[in-house]
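Here is how the chains run, residue by residue.
Protein chains: 2
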Amino acid sequence: MSAAPAVERIAPCSGRAVELDTGDELVVIDPMGQQVSDLTAFSRDDTNEYLSSGRSIDYASKLWLTRGDLLYSNRSRAMFTILEDTCGRHDFTLTPCSKEMFERLYGEVEGRPGCEGNLAAALAPWGIGRDRIPIAFNIFMNVTVDGETGKVAVLPPLSGPGDFIRLRAEMPLVVAMTACSAGQSNNFSYKPIDFRVERAPSG
Amino acid sequence: MSAAPAVERIAPCSGRAVELDTGDELVVIDPMGQQVSDLTAFSRDDTNEYLSSGRSIDYASKLWLTRGDLLYSNRSRAMFTILEDTCGRHDFTLTPCSKEMFERLYGEVEGRPGCEGNLAAALAPWGIGRDRIPIAFNIFMNVTVDGETGKVAVLPPLSGPGDFIRLRAEMPLVVAMTACSAGQSNNFSYKPIDFRVERAPSG
Chain A
12 MSAAPAVERI
22 APCSGRAVEL
32 DTGDELVVID
42 PMGQQVSDLT
52 AFSRDDTNEY
62 LSSGRSIDYA
72 SKLWLTRGDL
82 LYSNRSRAMF
92 TILEDTCGRH
102 DFTLTPCSKE
112 MFERLYGEVE
122 GRPGCEGNLA
132 AALAPWGIGR
142 DRIPIAFNIF
152 MNVTVDGETG
162 KVAVLPPLSG
172 PGDFIRLRAE
182 MPLVVAMTAC
192 SAGQSNNFSY
202 KPIDFRVERA
212 PSG
Chain B
12 MSAAPAVERI
22 APCSGRAVEL
32 DTGDELVVID
42 PMGQQVSDLT
52 AFSRDDTNEY
62 LSSGRSIDYA
72 SKLWLTRGDL
82 LYSNRSRAMF
92 TILEDTCGRH
102 DFTLTPCSKE
112 MFERLYGEVE
122 GRPGCEGNLA
132 AALAPWGIGR
142 DRIPIAFNIF
152 MNVTVDGETG
162 KVAVLPPLSG
172 PGDFIRLRAE
182 MPLVVAMTAC
192 SAGQSNNFSY
202 KPIDFRVERA
212 PSG
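For the record, the sequence lines run as chains A and B.
Residue 167 in the working numbering is what sits at position 156 of the first sequence, and the numbering runs on without skipping anything.
Residue 175 in the working numbering is what sits at position 164 of the second sequence, and the numbering runs on without skipping anything.
Hint data in this document are derived by calculation from the structure and do not stem from the laboratory.
Watch out, some of these pointers could steer you wrong.
Note that the list lumps identical chains together, so a pair holds whenever it fits in one copy or between two copies.
[As the list claims (entries may be wrong)] Pairs of lysine-lysine, DSS-like flavour, derived with a Cα cap of 27 Å: (1) Lys162 with Lys73; (2) Lys73 with Lys110; (3) Lys202 with Lys110.
Excised from the complex, chain A in its bound form (with noise of 0.2 Å):
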């Protein structure tokens, strides 16, 4: 019997990436509550085969994706299936943080790197740089729609401690995600993210 496998921390406003075989499970925890974390992923046999949220929301038909539903790839093809959640609340519309949205919308004179950046950073690696960054799967970020107006609000996340999301591999991938960067999106508590890898049994 091997050893349950260790729970690792992404510091405050930083990201991490690992890769993940089919069938591979990833366990994204929110250690303290009300934190965000950014996830995006690429297929490791053709990086420009990336986690597609338009793809994800128009074959779900809907926004706020849950256990059981699939996480497409621009080429529509299944890169995760959501196997549980224990928050039922995340966001699949806005581009990560960036050092140019903290310019933007928070007044920063010189913006952190963000989501973006950290993720980005992460993914060097790989290859992958800032331009190929798409909307993340932000999990645990709680965004409003009004369906009259279509105006978007970012209200603190509905995760409390110890809440999770259970992600299964559906190809090889490279994952990247972070401890969110931004106060709105974190109810401006700056907090860590823990994750675990729970490698599928092999052949």
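Here the structure of chain A is known, so what remains is to put chain B in place on it, guided by the hints.
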């Protein structure tokens, strides 16, 4: 005095690309009503800079953009200003219809190229392939969102014959647009789309 610029027609289920310089205005017209045009754009100075739905929605804090709103690139620079809009309802959340989407959602055995394929074909002279077609600005596409459940629905466009949107280019662009191939988006009418380019007065 120069002659009025000609109106050009995009045949049903096809696409076109045009180059715009800063200040040029592109008028996209629904000649018969209830037709959709998926539009995307890339910076001519560096085609790694592209029209970003996620940035545009984030900066506008609303899903549905109209007169006075800006459309942003992935690098957070303004690509277009919407100068006029006689319809008022467009989508910016769904990927263009594609071969795989027709097979998956419409049950076609061999899916048609769709707006994705037609945009890629139109952009081929600029070296832009299908993997790089992002979520488009889906002009006249009427997608509703249930603010309680997040459920999205594609309804017939609200555009009538002659409705149009006028976009001013804010940087040198290559713009591609379609007459949409998806029955659900155009109420199963598969009509053409017209457009007109009004060049900025030269220096």
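To see whether the hints hold, each was checked on the structure:
1. Lys162 with Lys73: both (17 Å within a copy, 4 Å between copies)
2. Lys73 with Lys110: between (30 Å within a copy, 21 Å between copies)
3. Lys202 with Lys110: For Lys202 and Lys110, only the intra-copy Cα distance (19 Å) is at most 27 Å; the inter-copy one is 42 Å.
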